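Q: So the sequences go chain by chain: V and Y.
If you're matching positions, the first sequence starts at 0 in numbering that gives the first Met the number 0 and goes up one per residue.
If you're matching positions, the second sequence starts at 0 in numbering that gives the first Met the number 0 and goes up one per residue.
Think of the hints as simulated: they come from the structure by calculation, not from any bench.
Do not rely on the hints blindly, as some may be mistaken.
Partner residues are not named here, just some residues of chain Y that face chain V (Cβ under 8 Å, in silico) [claimed, not checked]: (1) Ile156; (2) Asp157; (3) Phe168; (4) Gln170.
This structure is a prediction, so every number in the text was calculated from the model and none was measured.
Glycine included, each C-beta is placed from N, C-alpha and C at the ideal position.
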Amino acid sequence: MKSFLPRSHTRLSACIFFACLAIVLATLVLNIFLALFKNNLSRKLNRLFFKPLSVKSIYYLPPNFIILKGFVIYKEMPAKNTEVLDITQGRIRFSILKLLFKRRFYISSLTCVKPKGDYDTFFAFVRDNYNQIYNFILGLPRHSIKLSIVRSELREQKKGMPRKNFTADLFLNIEEDSFYGQGRLASVTLEKIRTKAISLPVKFALRGKLSLAGLSLEEMDISSENLHSRLRGSLNPNAADCKGFILINTTGKKWNLRSTNKKNNKAVDFSAANLCILDIDCRASFNPDDIAIERLSFSINNNPVKLRGNILFNPLSLKFKISSVFRNLENSPEGFLKNINIESEAILRDEKLDFDGIMDINLSKDKKGGLPLEKIIVGLKGLTFYEGNGRSLNINTKGIDFFCKTKSNEYKINLEDLKTEVSTSEEDEKLIKFEASCYSGKLNGKAYLKMRHFTPEITADASLSGLNANELNGILIHFSKVYGKLNSQMRFLSYPELSLKGMMDITNGYLDDFEFFKWLAEFFDLPSLKKFPFNSIETDFFADEKGAGFSAMCLDSRDLRSSGYFKIGENSLVASKITLALSYPLMSSSSKLTRLLKILRKKTEFLNFDFQLSGNLNRMNFYWLSSDFKNEMRRVIPDFIERGIEKNIEGFIDSLSN
Amino acid sequence: MNKKLLVASLLFVFFCRAWGYASEDSDEYLAARNNMRSGKSDFAFMHLISITRSKAKSRYQERALFETGEYYFRRADYYDASRVLKKLIESYPDSKIRPFALFYLLKIAQYQNNKALTEAVKNEIINYKQVVLVFKDTKEFRFRSIFGKRYRLIYHIDKIELFEDEKLFAQISY
């Protein structure tokens, strides 16, 4: 039968048919070849890389693709649980022309699809083989190649915690000595089946140069919904350095777009950033056992910070020293902080962070108002952080030494075995429960913490029990003369202003050479007052920005009772009224008071002395308040004796003030 | 021997000089008092000014500084009043007239609406004297100026009052 098509068409169809057939046959042949020589190819690949590799299957796809399926990198000899990365599919594109004419297998692009692995294993692999990875990258042939890593996934599974997946995409172009690329990172937390919490992706773009000296990063931009950063630096087997800035937006507002001079071009307006980390300058050197951070300096909201330290590997630990002329994060020129210095050592062991350190805070003396603090030093021993059951973070410390200095006094207190549980729920207000040993007693309580911009708002209730009162002499020197069991309940507030209020009682104790009673003992010839027992001492106390003091004071003993208040306000001005009641038997034991008792027309069980104190703490005024006894004394005692008694009391008040 | 003679001569000249100035002050003060008795307060003031400019310190200068300050204050010349009263406080820190001068400075600070200075002067007055009231309810100090003003400074346990001719001039509570 004759064909009705023109002859040229028939020839063309035949050519196309034979060409397709040739391609199919070639593909089949090549794939058979690849299947047969898969092991050889696998061995050649292993020679190119510094760690064992395996490939499940290799295919050829026309015109110029090689597909690797089940490509696995191992950290040791191929075996189960030694996989570092399992790449579902690798796609290699090569140049046919260069293969045919120059007989060179020239890879023009390499795509890894869905590489998967364990997060901890992968990072341990990178840490332990850093040098080999670095040399491998530098040893790559210097011609144009596109590298893509698509839908990569690293899984993290910790005990009792929901699984976390870190995903990343990377697109990198390498052209001779330079490279540029971009990518994104994100994390997905799988709380329950089918529910996910996805963190917002971080995008990055970078460009740089490769040379024998090392890798030079000319620019790397990292950005997310609330972060923007630009860094540059260099990396070689021995050291890395980096400079740049980071802008962080914690206000919740989105970055705005603003128009630029270029037509139809908009740039991101970063003025919404409220945390600006600028002038970052970092240099680190790599040693076999550690990474030495030779310098890291930056300013955070105009507060300069410097850090030096070491990161050691076995066990993973961190030693560092930080110093900062830190004022405040609100970018205000005034602040109550002058500088902060921290020296510490941190060790990561069994996923627990163990921390020893000292934080030294110097406060501005020029700041008007507020507590007259000049310095605070906090020393921590064995501070550990670990995630507790449920939504909580446990912060424990074997010891905490707290010291603070005001213009006129120093205060210190030590706590041991402090255990703190901080709730990590999504709510703004966090609950913190704490307990500790405070000398011979116990401290426990709870606090609520809320952040108001960068200022913590704390409300805390605590109770102290079973403590020996004289152990608190670091807080108030007079406690060194008070013995007995002390119990206290107190409330601390940091907002709207700092305040501490509470009540305290000391039971079944004694006062030993307490200044005021020592003077009374000498002046009135009452030696039993130098060391006298009491049933209880109770008082309310307070300390805030306006002053401090005791109110509703009450001392109860067999022969002496006392009550009243003692407050110190602004400019160290004292306001106090105290009643002192001496028992008749006590007074009868004094040679001086016996004569005075004869003045009394009627016998009373207790004789009251009421007096008032005022004026500057260092030069207190004294006033013996009116009473029948005082009126009787004035009636009987001659003027010159009155003056003598006044002088004596004046001398004592002066010594008490000093 | 010559050295001892030289030292003795120098001491002699020094004391004569001081005695000379003091004796001049005494004469000036007497003249000021006489002028006041005659009702010539302005002439009295001129003699007092002369004493305040004297180089030697004397008890007359101490009084003259206060009284010229008082005179300036009466004429609402607070700048000059402040100047001479501050000189009194700085030159004679142990003077018994000091609290009276401080009260005048307090008044000037209040008239000028200078809150910081008012607080500073208040603290000075409060811290100046420690008062111990055992058998008395108050402590009192008196002063009479050349211009005839009678001052009474009364310390209570929680306040200090200054009376001028039995009228309350100023009060500080604490």
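Q: Run every hint past the structure and note whether it holds.
A: Results for each hint:
| no. | hint | verdict |
| --- | --- | --- |
| 1 | Ile156 | holds, 4 Å |
| 2 | Asp157 | holds, 5 Å |
| 3 | Phe168 | violated, 21 Å |
| 4 | Gln170 | violated, 15 Å |
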